[in-house]
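Asker: Keeping their order, the protein sequence lines are chains A and B. Counting along the first sequence from 1, when you hit position 214 you're at 214 in our numbering, and nothing is skipped either side. Counting along the second sequence from 1, when you hit position 76 you're at 76 in our numbering, and nothing is skipped either side.
Be aware that a few hints might be false.
Same chains, same names: a pair is fine if it fits in one copy or spans any two.
Here are the computed lysine-lysine pairs in the BS3-like style, where the Cα-Cα straight-line distance is at most 30 Å [claimed, not checked]:
#	residue 1	residue 2
1	K94	K3
2	K227	K180
3	K80	K3
4	K180	K80
5	K80	K94
6	K180	K94
7	K5	K227
8	K94	K45
9	K227	K45
10	K227	K80
11	K80	K45
12	K45	K3
13	K84	K227
14	K80	K5
15	K94	K84
16	K94	K227
17	K5	K180
18	K84	K5
19	K84	K3
These are calculated hints, taken from the structure and not from any lab test. Just so it is clear, the structure is predicted and the values come from calculations on it, not from any experiment.
2 protein chains.
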Amino acid sequence: MPKFKTIAFDADDTLWVNEPIFTSTRQQFEEILSTYIHFDENLEKELYAVESRNLRLFGYGIKGFTLSMIESALELTDYKIHGKDIERIIGLGKEMLEHPVQVLPGIEDILDLLENHYQLMIITKGDLWDQESKVARSGLMRYFDLVEIVSEKNPDSYRDVLRRNQIEVEDFLMIGNSLKSDVLPVVELGGTAIHIPFHDTWTHEQMDKSEIKDLSYVEMSSVSELKSFLGV
Amino acid sequence: MPKFKTIAFDADDTLWVNEPIFTSTRQQFEEILSTYIHFDENLEKELYAVESRNLRLFGYGIKGFTLSMIESALELTDYKIHGKDIERIIGLGKEMLEHPVQVLPGIEDILDLLENHYQLMIITKGDLWDQESKVARSGLMRYFDLVEIVSEKNPDSYRDVLRRNQIEVEDFLMIGNSLKSDVLPVVELGGTAIHIPFHDTWTHEQMDKSEIKDLSYVEMSSVSELKSFLGV
Numbered sequence: 001m002p003k004f005k006t007i008a009f010d011a012d013d014t015l016w017v018n019e020p021i022f023t024s025t026r027q028q029f030e031e032i033l034s035t036y037i038h039f040d041e042n043l044e045k046e047l048y049a050v051e052s053r054n055l056r057l058f059g060y061g062i063k064g065f066t067l068s069m070i071e072s073a074l075e076l077t078d079y080k081i082h083g084k085d086i087e088r089i090i091g092l093g094k095e096m097l098e099h100p101v102q103v104l105p106g107i108e109d110i111l112d113l114l115e116n117h118y119q120l121m122i123i124t125k126g127d128l129w130d131q132e133s134k135v136a137r138s139g140l141m142r143y144f145d146l147v148e149i150v151s152e153k154n155p156d157s158y159r160d161v162l163r164r165n166q167i168e169v170e171d172f173l174m175i176g177n178s179l180k181s182d183v184l185p186v187v188e189l190g191g192t193a194i195h196i197p198f199h200d201t202w203t204h205e206q207m208d209k210s211e212i213k214d215l216s217y218v219e220m221s222s223v224s225e226l227k228s229f230l231g232v
Numbered sequence: 001m002p003k004f005k006t007i008a009f010d011a012d013d014t015l016w017v018n019e020p021i022f023t024s025t026r027q028q029f030e031e032i033l034s035t036y037i038h039f040d041e042n043l044e045k046e047l048y049a050v051e052s053r054n055l056r057l058f059g060y061g062i063k064g065f066t067l068s069m070i071e072s073a074l075e076l077t078d079y080k081i082h083g084k085d086i087e088r089i090i091g092l093g094k095e096m097l098e099h100p101v102q103v104l105p106g107i108e109d110i111l112d113l114l115e116n117h118y119q120l121m122i123i124t125k126g127d128l129w130d131q132e133s134k135v136a137r138s139g140l141m142r143y144f145d146l147v148e149i150v151s152e153k154n155p156d157s158y159r160d161v162l163r164r165n166q167i168e169v170e171d172f173l174m175i176g177n178s179l180k181s182d183v184l185p186v187v188e189l190g191g192t193a194i195h196i197p198f199h200d201t202w203t204h205e206q207m208d209k210s211e212i213k214d215l216s217y218v219e220m221s222s223v224s225e226l227k228s229f230l231g232v
C-alpha cells in the first residue's frame with residue numbers, strides 16, 4: 001500500500017459537474033442557430049474548430065468559449081444572425097458562469113475520510129476568476145489545504161506546483177477524470193495518478209488509448225474505491 | 001533605510017504598458033459604432049457601466065472586456081449593428097491579446113540592479129492565461145523568482161500571497177501604479193508600498209485622495225528613484 005502525504009483532486013468533472021453544462025449550452029446554441037441554418041454534425045465540428053483555433057489566444061474557460069460561440073454563429077449564418085440572438089449567446093455564457101456547482105456523488109464522503117490523514121489539494125486548469133468562484137460556491141473549501149489554478153496541465157506545470165508547495169513527487173497522488181491533463185503528466189513526472197472517467201468528455205481532452213499504453217496508472221469507476229486503495 | 005527581503009512589482013502599467021492599449025481599443029470601438037450612432041461622452045459611460053456590472057461575473061481581463069464591448073454595441077445600436085462589425089469587435093479583443101508587450105523605460109535597469117540583492121516578485125491581477133503570456137513575452141521573467149497572478153488585489157489576497165511564500169510583511173515592499181490595488185491593501189497589512197503613477201488610469205482603479213489621507217506610503221515619479229530609496 002503506497003503511503004502518500006498529499007492527495008490532489010482535479011475539479012471539473014472530478015469534484016463537480018462541468019462538461020454537461022457545456023454540452024447543454026452547445027445544444028441551446030444550436031437551437032438559436034437552427035432558425036438560420038440546418039445545424040448538422042458538421043456544423044457542430046465548426047464550433048469546435050473555432051474553439052480550437054482560439055485556444056492559443058483565449059485559453060480555457062467560459063469567456064473564451066462564449067466568444068468562440070459568437071464567432072461561429074457569425075460565420076455559420078454568413079453574418080445574418082440578429083443582434084438579439086448574439087445577446088442570447090452572451091446570456092448563455094453568463095448562465096454558465098452562474099450555474100450552481102453540483103458536487104458529484106461520493107465526493108463529500110471520501111473527503112470526510114481523507115481530510116485528517118492527508119494534505120488535500122485542488123489542482124484545476126482554466127479561468128482564475130471562474131474557478132475560484134466555483135471552489136467557493138462548491139462548499140468543499142473546508143476540506144482543502146491548497147488550491148492551485150493553472151493555465152495548462154502538463155509535466156512542467158505539475159513540477160512547478162509540487163516545487164512551490166514543497167511536495168515530493170513520491171508522496172503525491174493525483175486524481176482526475178482526464179487522462180491527458182490529470183494522469184499522463186503526473187505519471188511522466190514519476191508520481192501516482194488515478195483515473196476516474198466521467199461520462200462526458202470534451203473533445204479536446206479525449207485521447208487515443210494507444211498514446212498511453214506504456215504508462216502505469218490506476219483506473220477506478222468511482223471515487224468510493226479510494227477507500228480500499230488507501231486503506232482508510 | 002528600511003531593509004526589505006522581497007520586492008514585488010505590479011505588472012500592468014508598472015512593468016509594461018497596458019491601459020493605453022485599452023484606451024486605444026475603446027477609440028476603435030467608438031469608430032465602429034460611429035456609423036450607427038453619435039458617440040458622445042455619455043455613451044462612453046455606457047460601456048463602462050456594462051463593464052462594471054459584468055465585473056462580478058467576468059472578473060478582470062480582455063475576454064470579459066470584449067464581451068462587454070459586444071453587449072454595449074448591441075444595446076447602443078438597438079441591436080442594429082451588423083455581424084461584420086461584431087466580428088471587428090472580437091478582432092479588437094484578439095489584437096489586444098496579441099499586442100506586443102512594451103516594457104516601461106527604466107524597468108530593466110532597475111531590475112538589473114535589484115536582482116542580486118532581493119527576492120523579486122510579480123503580483124498582478126487579471127486573467128491567468130493572458131498575464132502568463134505577457135510575463136513570458138515581456139522578456140523580464142529572468143529577473144523574477146516568483147510570479148503570483150491573483151483574481152483580486154485586496155488585503156486578504158496579499159495576506160495569502162505572503163503566507164504561501166513564507167514572506168514576513170515587514171520584509172515586503174510592493175511597487176505599483178494603482179493606489180487602490182497596489183498601495184492601499186499592502187499598507188493596511190502593515191507592509192511598505194511605493195506608488196508610481198502612470199498617466200493613464202482605468203476609471204475602476206481611480207481613487208479619491210480623501211480615501212487615503214491617513215495612510216502612509218511613498219510616492220515616486222519614476223522607478224529610477226528606487227535606487228536612492230533602497231541605496232543600491
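Asker: Now look at each hint and say whether the structure bears it out.
Answerer: Against the structure, the hints:
1. K94 x K3: Neither: 43 Å inside a copy, 47 Å across copies.
2. K227 x K180: Close inside one copy (25 Å), not across copies (48 Å); limit 30 Å.
3. K80 x K3: Close neither inside one copy (60 Å) nor across copies (63 Å); limit 30 Å.
4. K180 x K80: Result: close neither inside a copy nor across copies, 38 Å intra and 44 Å inter.
5. K80 x K94: both (23 Å within a copy, 22 Å between copies)
6. K180 x K94: This pair counts as both: shortest intra-copy Cα distance 28 Å, inter-copy 27 Å.
7. K5 x K227: within (15 Å within a copy, 45 Å between copies)
8. K94 x K45: Both ways: K94 and K45 sit 23 Å apart in one copy and 22 Å across, limit 30 Å.
9. K227 x K45: For K227 and K45, neither the intra-copy (40 Å) nor the inter-copy (57 Å) Cα distance is at most 30 Å.
10. K227 x K80: For K227 and K80, the Cα distance exceeds 30 Å both inside one copy (55 Å) and across copies (59 Å).
11. K80 x K45: Intra 20 Å, inter 29 Å, cutoff 30 Å: intra and inter.
12. K45 x K3: neither (44 Å within a copy, 59 Å between copies)
13. K84 x K227: neither (51 Å within a copy, 56 Å between copies)
14. K80 x K5: neither (57 Å within a copy, 59 Å between copies)
15. K94 x K84: both (15 Å within a copy, 23 Å between copies)
16. K94 x K227: neither (38 Å within a copy, 47 Å between copies)
17. K5 x K180: Within one copy only: 24 Å inside, 40 Å across.
18. K84 x K5: Answer is neither: 53 Å inside a copy and 55 Å across each miss the 30 Å cutoff.
19. K84 x K3: Result: close neither inside a copy nor across copies, 57 Å intra and 59 Å inter.
In terms of the numbered hints stated before, the structure departs from hints 1, 3, 4, 9, 10, 12, 13, 14, 16, 18 and 19, listed from lowest to highest.
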